[in-house]
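If you count the sequence shown from 1, position 58 lands on 58 in our numbering, and the numbers rise without skipping.
One or more hints might be untrue.
Straight-line C-alpha distance at most 20 Å; calculated DMTMM-like pairs for lysine to aspartate or glutamate [what the hints assert, rightly or not]:
id: 1; residue 1: K165; residue 2: D33
id: 2; residue 1: K24; residue 2: D40
id: 3; residue 1: K160; residue 2: E150
id: 4; residue 1: K24; residue 2: E128
id: 5; residue 1: K148; residue 2: D33
id: 6; residue 1: K44; residue 2: E123
id: 7; residue 1: K160; residue 2: E170
id: 8; residue 1: K100; residue 2: D129
id: 9; residue 1: K44; residue 2: E150
id: 10; residue 1: K112; residue 2: E123
id: 11; residue 1: K148; residue 2: D129
id: 12; residue 1: K165; residue 2: E150
id: 13; residue 1: K87; residue 2: D33
id: 14; residue 1: K87; residue 2: E150
id: 15; residue 1: K73; residue 2: D85
In case anyone wonders, no lab produced these hints; they're calculated from the structure.
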Amino acid sequence: MSFGNIILLIIIGVGAYLVVIYNKFVSLRAGMDASWSDIDVQLKRRYDLIPALVDTVRGYKEYEGDTLERVIKARQQGLSAGTMDEKAAAANMLSGALGKMFALAEAYPDLKANTNFLKLQDELSNLEDAIQNARRYYNAIVRDYNAKIESFPDLFVAQKFNFTKRDYFELDESEAEAAKKMPKIDL
1 MSFGNIILLI IIGVGAYLVV IYNKFVSLRA GMDASWSDID VQLKRRYDLI
51 PALVDTVRGY KEYEGDTLER VIKARQQGLS AGTMDEKAAA ANMLSGALGK
101 MFALAEAYPD LKANTNFLKL QDELSNLEDA IQNARRYYNA IVRDYNAKIE
151 SFPDLFVAQK FNFTKRDYFE LDESEAEAAK KMPKIDL
């Protein structure tokens, strides 16, 4: 084998390796987009459930109207959110408002016994679990993707083809606590 053939094999090998790196970035990006879509679907299902929940609670005249207004405002903010950061902020706001609403519901025995309210609460609890699972999956893919962007020699491919870091989808600490407590309320 001549020196020229060895150089050609090295160039082909490096080229093939770069193609593999590029394809892995594309695969991770597609996985992130798909997993974000899963989160988005669950958030929309959650937002669609809110009007029925608010209508059920609104039937109790003495129920705190300010709390319902916060829930409605958070829902509207979530529906109009465009970016991931806006959707995360809206999800945090809604989790906090719903947590307060369910905490206040403890003071209303008729509401706690309402089968429609109980069904909606159970459905919301299931959605919260689905959102949490989708969020964990999304964040795992983002972690792998971001690590690959910073790894040598992958970082050269990332820079060349404009693969940039992605943000995690996270709840605020205070809102996360409210969201964790919300599904555990026993009505």
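Structure-based check of all given hints:
1. K165 with D33: holds (13 Å)
2. K24 with D40: Violated, at roughly 24 Å.
3. K160 with E150: The hint holds at about 13 Å.
4. K24 with E128: At roughly 31 Å apart (the allowed maximum being 20 Å), E128 and K24 break the hint.
5. K148 with D33: Holds, because 17 Å separates the two Cα atoms, which is no more than 20 Å.
6. K44 with E123: holds (13 Å)
7. K160 with E170: Violated. K160 to E170 sits at ~29 Å, over the 20 Å cutoff.
8. K100 with D129: Status holds; Cα separation ~18 Å.
9. K44 with E150: Given pair K44, E150 is violated - Cα atoms ~33 Å apart, limit 20 Å.
10. K112 with E123: holds (15 Å)
11. K148 with D129: violated (29 Å)
12. K165 with E150: Judged against 20 Å, a Cα distance of about 9 Å means the pair holds.
13. K87 with D33: holds (15 Å)
14. K87 with E150: violated (27 Å)
15. K73 with D85: Roughly 17 Å between the alpha carbons, so the hint for K73 and D85 holds.
When each numbered hint is compared with the structure, violations occur for hints 2, 4, 7, 9, 11 and 14.
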